[in-house]
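Chains as they are written, first to last, in our numbering: chain A, 10 to 508; chain B, 62 to 338.
Fair warning: there could be bad hints in the mix.
[Stated by the list, open to error] Here are the computed distance ranges between Cβ atoms for each label pair: (1) B:P221 <-> A:E347: 55 to 65 Å; (2) A:E341 <-> B:P223: 51 to 61 Å; (3) B:L143 <-> A:A418: 25 to 35 Å; (4) A:E341 <-> B:R286: 20 to 30 Å; (5) B:E245 <-> A:A418: 21 to 31 Å; (6) B:R228 <-> A:P155: 33 to 43 Å.
In short, the hints are calculated from the structure, not lab data.
Bear in mind the structure is a predicted one, so any value in this text is a computation, not a measurement.
We put the beta carbon where it would ideally sit given N, CA and C, even for glycine.
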Amino acid sequence: MNLTAGSGIRRRHHVACDVAIVGSGPAGATVAATLAEAGLDVVVVEAGAHFEPEEFVENSFDAMTRLYRQAGALVTRTQPAIPLVQGVAVGGTSVINGAISWRLPKDIWCEWVDADPELASVLEWERVQAALEEVETALGVTPTAPAVAGPNNTLLARGAEALGIEHRPIRRNASGCLGLGRCLQGCPRGRKASMDRTLLPRASAAGARILSETEVVRVRTRRRSAVGVTGRSSRGARVEVDARCGVVLGASALQTPALLSKSGIRQGPVGDNFQAHPGVSVAGQFDDAVRVWTGATQGHEVIGLRHEGLKFEALGFDASIAATRAHGVGLELRDALESLDRWAHWGVCIRASARGRVRPARVGGLRVDYRLSNEDLRSIRRGVSILGGLMFAAGARRISPSVYGWAPAVTDRGAWRDFEMHGPLAATAYTPVITHMFGTCRMGSDPAVSVVRPDFRHHHVDRLWVADSSVFPSNIGVNPQTSICALARICAEEILSAK
Amino acid sequence: MKLLKRFWNQPSARYRNFQIVFTILTLNFAVPTISYVFAPETAQEQFARLNELLGGSAYTFPEAQSRFWRYLGAANVATLALMCGLLQWNLRRNFPTLTPLIFMKSLAATLWLAGYLASPEYPAFLAAAALDFVTSALFAWFALRAHRDVEDLNDEALIPPPSPIARWNEQVGDTVLRAVLPVEPGLAEVARGRLERPHGRSLRIGFWLAVWAISLAPLLVEYRRPFWRLELSEREALIRRLASSKSWWVRQIIQIVKLVACFSQYARTTPLRSSAP
Numbered sequence: 010m011n012l013t014a015g016s017g018i019r020r021r022h023h024v025a026c027d028v029a030i031v032g033s034g035p036a037g038a039t040v041a042a043t044l045a046e047a048g049l050d051v052v053v054v055e056a057g058a059h060f061e062p063e064e065f066v067e068n069s070f071d072a073m074t075r076l077y078r079q080a081g082a083l084v085t086r087t088q089p090a091i092p093l094v095q096g097v098a099v100g101g102t103s104v105i106n107g108a109i110s111w112r113l114p115k116d117i118w119c120e121w122v123d124a125d126p127e128l129a130s131v132l133e134w135e136r137v138q139a140a141l142e143e144v145e146t147a148l149g150v151t152p153t154a155p156a157v158a159g160p161n162n163t164l165l166a167r168g169a170e171a172l173g174i175e176h177r178p179i180r181r182n183a184s185g186c187l188g189l190g191r192c193l194q195g196c197p198r199g200r201k202a203s204m205d206r207t208l209l210p211r212a213s214a215a216g217a218r219i220l221s222e223t224e225v226v227r228v229r230t231r232r233r234s235a236v237g238v239t240g241r242s243s244r245g246a247r248v249e250v251d252a253r254c255g256v257v258l259g260a261s262a263l264q265t266p267a268l269l270s271k272s273g274i275r276q277g278p279v280g281d282n283f284q285a286h287p288g289v290s291v292a293g294q295f296d297d298a299v300r301v302w303t304g305a306t307q308g309h310e311v312i313g314l315r316h317e318g319l320k321f322e323a324l325g326f327d328a329s330i331a332a333t334r335a336h337g338v339g340l341e342l343r344d345a346l347e348s349l350d351r352w353a354h355w356g357v358c359i360r361a362s363a364r365g366r367v368r369p370a371r372v373g374g375l376r377v378d379y380r381l382s383n384e385d386l387r388s389i390r391r392g393v394s395i396l397g398g399l400m401f402a403a404g405a406r407r408i409s410p411s412v413y414g415w416a417p418a419v420t421d422r423g424a425w426r427d428f429e430m431h432g433p434l435a436a437t438a439y440t441p442v443i444t445h446m447f448g449t450c451r452m453g454s455d456p457a458v459s460v461v462r463p464d465f466r467h468h469h470v471d472r473l474w475v476a477d478s479s480v481f482p483s484n485i486g487v488n489p490q491t492s493i494c495a496l497a498r499i500c501a502e503e504i505l506s507a508k
Numbered sequence: 062m063k064l065l066k067r068f069w070n071q072p073s074a075r076y077r078n079f080q081i082v083f084t085i086l087t088l089n090f091a092v093p094t095i096s097y098v099f100a101p102e103t104a105q106e107q108f109a110r111l112n113e114l115l116g117g118s119a120y121t122f123p124e125a126q127s128r129f130w131r132y133l134g135a136a137n138v139a140t141l142a143l144m145c146g147l148l149q150w151n152l153r154r155n156f157p158t159l160t161p162l163i164f165m166k167s168l169a170a171t172l173w174l175a176g177y178l179a180s181p182e183y184p185a186f187l188a189a190a191a192l193d194f195v196t197s198a199l200f201a202w203f204a205l206r207a208h209r210d211v212e213d214l215n216d217e218a219l220i221p222p223p224s225p226i227a228r229w230n231e232q233v234g235d236t237v238l239r240a241v242l243p244v245e246p247g248l249a250e251v252a253r254g255r256l257e258r259p260h261g262r263s264l265r266i267g268f269w270l271a272v273w274a275i276s277l278a279p280l281l282v283e284y285r286r287p288f289w290r291l292e293l294s295e296r297e298a299l300i301r302r303l304a305s306s307k308s309w310w311v312r313q314i315i316q317i318v319k320l321v322a323c324f325s326q327y328a329r330t331t332p333l334r335s336s337a338p
């Protein structure tokens, strides 16, 4: 790749290009590939470093302190503090996600268009489908092969089958997956079609330049028009990127609104309408070895309750993360680690109704205010209840729901049925994690309630586009990477047509 | 007495001698810092008396009336005291401080000598030059010899150990980590290495806040002693109690330490697997 590392930039650095793209995750990489292949001179600026597959390590501690924003310790400011998981590397979160691919559901698209019919002028359903098709082809999306599924995934299939809930192997952008279970630490064999392995090399081959380890601190404007970005290399040098045609923000639903605010572009509800998919998990102990650290990281899902805003997935991860989920402390914890290999971990992802907001913090970083609604808590409780039911149906001897105020280990299937009715509804009883974030620069025709127009252009600043999931008018209830890429591709087409 | 005996009989006599000499030198600079600012006439009187004893003319310059030179002089000796203290604190890490320290003192000696050559009627200048040259030589002799020994010795062998507060902090962290996940060897060193990475800053801050909250928690409940003074069984009981606290914040404090403990444990062990199922 045509890459310049910020660690090598010690003095003021100046670059000129047609389009400056902030962020190299799914949105930034898709826009970069599309624009570069159309002949534009593109510079992608990324805060994280570039890693080759052989540099990805097995243990999560090393992976998180190298590849995750704030080592996974970025949390919401409200009680309970919910971790917000993001990757920080060339390729963005695609480097450390489970490679799950979902098309934008039609019902979600209908919701968007019903609320703002003008969206359909750019996001026609056929156009979205064509973009999704192209993205899936580019990323080689295929269902998880049974040969690499591993016990954690096959047990979930067994549980769902027993309960009669619709389920299927997850479609993933990891066609040559070897089932190493290391998606969340970065695939050591390069089999995951993350952006650094697919669209960024494509963009680079078409002439795009990538500036890694350089954090953009400001979007520069002149006479209400974006003219470039200013960043800082990891060595502390000032980096200026002048953009003749404009600036595209693809830095995520957290970083993009914060960057706009820091740049003084605060018109409209920038940073408001933060939506997410909080996820919680349940562990179940089986008689035979499960070894959640083997097999496709997330290879099976239960989709029969998606209409309720609930989607269940097998969760594969490194032993260290599995260990943190083991019950107890002290000697109890040490003993629990002895049987770690027999625990399965499955999660439920909630299409939450809560709305939060994102602001730059007074002292560096971000301030994310987000509080789960009562409706969300009921969904979480129902999700946990069903997860437990799936575990028992799959043959678990006991389950560990990790819910404060409920038994730490449940062995009686009958007793577990009470959970859905009597389980706690306090947010602090659960330990959710957020991996999908949306809506903080939502698109729409009304500048009073949206930040960008239906064609992804900023309402108030010319030559400034936003391409990441912050433009989604709402959360979508499914894993967003493919939809982000598809919408980013449409954004790139709009940039080309505007030019 | 036991500590003094251990100090005296430690494996490196050079490190011991360095600590003794530098303690004297640190005090030798720290005390004048105060007298230069608050009692300049004392220093001037001592200098004049020395000059007289060496057969010089009466030293009548009104040094004690000066504010400007007095403050500069006080800052100078304070800097010297700080540099000596830094070397004592961690000779290995702060060793580069030795060069400017010797430079400052040698330059002072040279200036005293120049003063004496320009005004031989004040032999106290020569005495001061000699004293500063000797001090510079002491800096070099004791620090260089001790540094050679320290390079080959573990921190545990040195008394006092390098960066005692940092080491104490790590020991406190290790005690808490062991209570949450009792494994041998301890996990603090593994955790420290990872948390010092740039992305680890937030987690590092959270972890140390949690460690100190747990360490001081027993003072607020019935134990009346910090965590590291508790018996093993008391530590375990307290950790269990905190882990099941009604307070979400207290539970999170334990959760942070548990997370770091589990991460550290698996960061150092042999990979559990590396092949497909």
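Structure-based check of all given hints:
Checking the proposed 55 to 65 Å range against P221 (chain B) and E347 (chain A) shows it is violated: the Cβ atoms sit about 41 Å from each other. One distance hint, 51 to 61 Å for the beta-carbon pair E341 (chain A) and P223 (chain B), is violated here, with the actual separation near 37 Å. For L143 (chain B) paired with A418 (chain A), a C-beta distance near 57 Å fails the hint of 25 to 35 Å. For the hinted restraint 20 to 30 Å between E341 (chain A) and R286 (chain B), the CB-CB distance of approximately 24 Å keeps it satisfied.
A C-beta distance of roughly 27 Å is found between E245 (chain B) and A418 (chain A), which places it inside the suggested range of 21 to 31 Å. Look at R228 (chain B) against P155 (chain A): about 53 Å separates their beta carbons, and that is not inside 33 to 43 Å.
Figure legend: structure checked against the earlier numbered hints; hints not met, in rising order: 1, 2, 3, 6.
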